[in-house]
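Novice: Same order as they appear, the protein sequences are chains A and B.
Quick note on numbering: the first sequence equals residues 217 to 530 in my numbering.
Quick note on numbering: the second sequence equals residues 60 to 631 in my numbering.
Hints should not be assumed to be uniformly reliable.
[Said to hold, decoys possible] Using 30 Å as the maximum straight-line C-alpha spacing, the simulated DSS-like pairs for lysine-lysine come out as follows:
hint	chain 1	residue 1	chain 2	residue 2
1	A	Lys527	B	Lys392
2	B	Lys382	A	Lys526
3	B	Lys512	A	Lys519
4	A	Lys331	A	Lys285
5	B	Lys467	A	Lys519
6	B	Lys610	A	Lys526
7	A	Lys338	B	Lys591
8	B	Lys467	A	Lys475
9	B	Lys392	A	Lys338
10	B	Lys392	A	Lys526
11	B	Lys628	B	Lys610
12	A	Lys425	B	Lys464
13	B	Lys610	A	Lys338
14	B	Lys568	B	Lys382
15	B	Lys587	B	Lys382
16	B	Lys610	A	Lys527
17	B	Lys464	A	Lys519
18	B	Lys512	A	Lys338
Hints were generated in silico from the structure; no laboratory data involved.
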Amino acid sequence: MDKIKTIFLIILTITLAACTSNNGDDTPITDIDVYRGTDGLEIEIFDGSPPLDVYEGETFQVVAQLTNKGAYPIHDGILVLTYEEDYVEPIGAPVEGFELKGKEIYDPSDHNTIKSFFLTAKNIGSLSNTHPSIILVTACHDYMTKLSTEVCIDTDPHNLKTIENLCELDTLSFSGQGGPVTVSRIEQKMLVDSNGGVRPQFKIYIENKGRGEVVSSGKIGDVCSSETLNRTDINGIILKNISFSRYSMKNNQIECIPKNLRLIDGEDHFICSLRESLSISSDRSPFITGLYLEFDYGYTLTKSREFEIKKSRK
Amino acid sequence: MQKTLYHDKMLEENTQTNSTFAPSLVQKTVGSKGGIFIFFIAVLIYIVDFVWLRFDGINIVNALRHMTVPNFLYDIVYKGIVINVVFWIILVFVYFFRKPENKEEFLSVLLLVAATFFVVTLAGLNRIAGLSNLGALIHLLFIFFGLRNGVLTKKFSKIDANYYTILIIFLDFFAFNLINSIFPWKEIQFVNRIVIPLLPISTLIYIDESTFRNYFLFGITIFYILLVLHTYSVNANYQELLSRGEIESGQEALDKAGGNLMNFWKGILTGWNESQAIIRGDYYTGQVEQYENEPLGVFLEDVEASDEVFLQNETITIWANLKAYTLEDKEIKVNVSCALKNGTKWIEGSISPSRVFTVNSYDEEFITCNFGQEVSSEPGYHNVIFNATFDFKTQSYLKTYYIEKERKRTLTSQDIDILTEYEITERDPVARFTAGPLKMGMETTTPPVGVPKDEKEAFSSYIGLTLDNNWDGNVIKLNSVSLTLPSGLTFDKNICTYFDGSGSNYNLKSDEITQDNKKEFSLPKSYKCSLKLDNSNNLLGSTPISIKYFKADVDYTYQIQEKTRIQVKKSG
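Produce the complete structure using the sequences and hints provided.
Specialist: Structure follows, in structure tokens:
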């Protein structure tokens with residue numbers, strides 16, 4: 217009996233350990249959907265560049281591969297190398313620009329580029345045999361996220377009409393739109409005004425699901441340098457546009473608070489409502505319409521690599 | 060009779076309800092051989108560790124250095140235990156299938172499983188890659204199935220056996236590294252798992268009494284007493300001394316025991332002085348650089364007399380090996396002298412081939428010290444001392460990180476850990492010093508240090524430097540102390556009055572050095588100076604975070620001493 221219980225436990229443990237978590241991604245059966253997932257730019261420093269050991273006076277390379285795994289292009293990205301000035305000297309500028317395409321329907325593969333920096337190891341001191349050193353590769357770039365989904369405009373939120381509603385208000389959840397900053401969910405509400413008209417209201421939750429930090433769009437030059445950064449420069453998201461049916465924020469028909477979001481602990485939300493003067497008549501039947509959302513932000517992430525400088529044998 | 064009945068009763072109970080795995084093996088070893096088979100497994104594991112696996116436990120101090128306390132609690136405790144599905148499955152299994160007799164027993168099981176998962180998570184055994192940590196896996200399996208199931212449950216109640224198992228897990232995985240981290244004195248470096256084989260000793264203590272066990276325990280006890288009395292390594296020279304006679308060997312043993320006790324006491328005193336300095340806030344710590352080939356410095360080794368006994372009016376000859384290692388191209392001059400204590404007087408001997416040696420990179424010299432016939436020592440035992448005095452240099456460096464001040468405030472206010480953000484793993488760099496007779500520690504403001512863009516804005520930082528003895532000899536005098544600051548920082552000369560210099564390079568003022576040398580030069584010695592921001596662009600560079608170094612060089616004269624003892628007999 218003991219043995220049976222033991223075998224049962226082992227099988228159960230292995231079965232549970234083999235289970236992998238479901239991250240909620242829905243794999244499309246038919247169309248390729250590039251606007252999914254939470255990946256954006258990734259940095260990989262190649263093994264051997266820098267080598268684990270370098271010698272005093274030796275010139276070596278730091279090679280980094282930048283891969284855009286998101287759905288949006290990167291223009292004017294900045295890559296900067298941080299090094300220990302006392303022990304290493306760069307050959308050439310330790311700053312590079314980069315551009316990368318995003319995934320497209322007709323080209324859903326990741327796009328990458330390789331950047332390299334040349335460095336020379338300095339002397340480590342007459343009495344030292346080795347010196348541990350480190351390099352940091354920091355990327356800063358502007359990015360965006362777009363969301364396109366369907367929402368219900370319920371003109372009869374209190375179910376006063378006898379006919380059955382075509383749709384119901386629901387909280388919409390999302391797992392990613394092809395970038396590190398995502399719309400995680402949208403809560404819908406219908407505001408009823410005094411003349412019976414309805415104004416849709418959307419509470420849109422934004423989250424940073426990537427490994428890096430969100431910075432304000434247009435500030436990446438300062439972020440990738442030693443310039444001052446203020447509170448407004450970090451975690452800033454600019455809502456570029458929101459539209460549904462024939463209404464849009466660009467046309468001043470939808471009001472959003474705040475327009476420029478600041479993430480706290482990696483998340484926050486803004487509330488967008490149709491302007492009061494544009495309320496939808498309750499005579500109209502409830503209907504489903506498309507909701508489109510776009511926001512801009514900057515992003516930064518860093519990868520580091522350690523290596524050793526050894527005394528050169530004379 | 061009662062004992063036997065109790066033992067049989069335990070065996071019966073445990074055979075029925077216990078022996079979770081390999082019951083026949085357990086029964087065989089406990090029932091017939093009293094656990095000696097398990098003891099031999101423990102010895103085998105000890106040999107395999109030493110020869111192949113090199114298992115040395117988990118350095119919890121290191122682990123805590125590399126992650127913040129919240130990260131540690133989250134990754135290791137919360138994820139590794141609290142929300143670990145396997146942990147809860149095991150507990151449910153125990154509760155329903157093993158049916159603990161009472162709450163206390165279940166609590167002991169819960170704590171044992173939690174302790175195991177704690178170790179499993181830290182050792183990485185919960186990942187496929189971590190299974191290559193074979194040493195940790197083997198130790199854990201032995202402690203559970205060998206020691207606990209095979210030995211402890213036979214001797215104690217299940218509750219006590221579980222708690223003893225927890226204790227042994229923690230001692231085996233954490234104790235040695237913890238002791239060596241908290242007390243890094245060379246005097247107690249014998250506290251390691253090679254000298255103290257924990258698993259075999261634990262097994263031996265708890266297995267059934269038998270002639271074999273008693274003799275083995277006795278043998279181990281004698282071994283450890285001898286080890287402590289006769290220094291940490293046994294060499295042929297010592298063996299030779301033993302053969303000189305009962306009085307001499309007794310004297311030698313007492314001397315060495317006294318020496319070891321003295322070293323241990325000196326270690327306590329050094330630790331006390333250091334801790335006083337630490338409490339006062341003026342002891343800055345450092346870590347020696349790893350040397351690949353040989354340790355740096357000058358050493359006197361193999362000091363021995365040319366004969367066992369000397370007659371009065373006979374020339375007394377003492378030999379020694381002088382070894383020196385240096386990485387510098389500059390030559391080191393070593394002055395050697397020797398002296399014999401005759402009554403209350405010290406008589407200087409003559410050194411050959413020379414009193415002065417010039418060493419370059421590596422040198423080894425065979426030195427002879429002679430006391431001529433005219434010395435006429437009195438009969439009896441006499442101490443002979445060899446002195447080697449040499450100039451040496453120790454270098455030290457301290458890494459630190461600088462970031463623009465507003466940027467630091469902005470990131471910190473957003474709960475962004477700056478060092479984690481930039482993937483910097485060395486979060487609190489420790490000063491490193493080159494090997495040699497002196498050790499150096501340095502300390503500055505906790506990094507990353509915020510630097511204002513405008514030099515006129517307030518900037519507060521400091522650098523502290525401590526010099527301390529690393530060997531058993533003495534610093535005779537300081538020749539120079541120089542400090543190099545990161546570019547962009549200078550000393551505030553109005554406050555820092557004992558350093559001279561400009562820009563980034565400073566030297567301890569000569570009258571400060573003379574003053575130190577006039578008084579009996581006592582270590583540890585500390586210096587602390589506040590820093591002034593001279594050029595923020597130089598300090599910050601053009602990158603989001605900059606990595607800079609403080610460097611210190613100390614030139615000094617050091618003296619080492621080695622002693623031996625000779626016997627002089629009446630001539631004729």
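Novice: Which numbered hints turn out to be false for this structure?
Specialist: Hints 11, 14 and 15 are the ones this structure does not satisfy, whereas the remaining hints hold.
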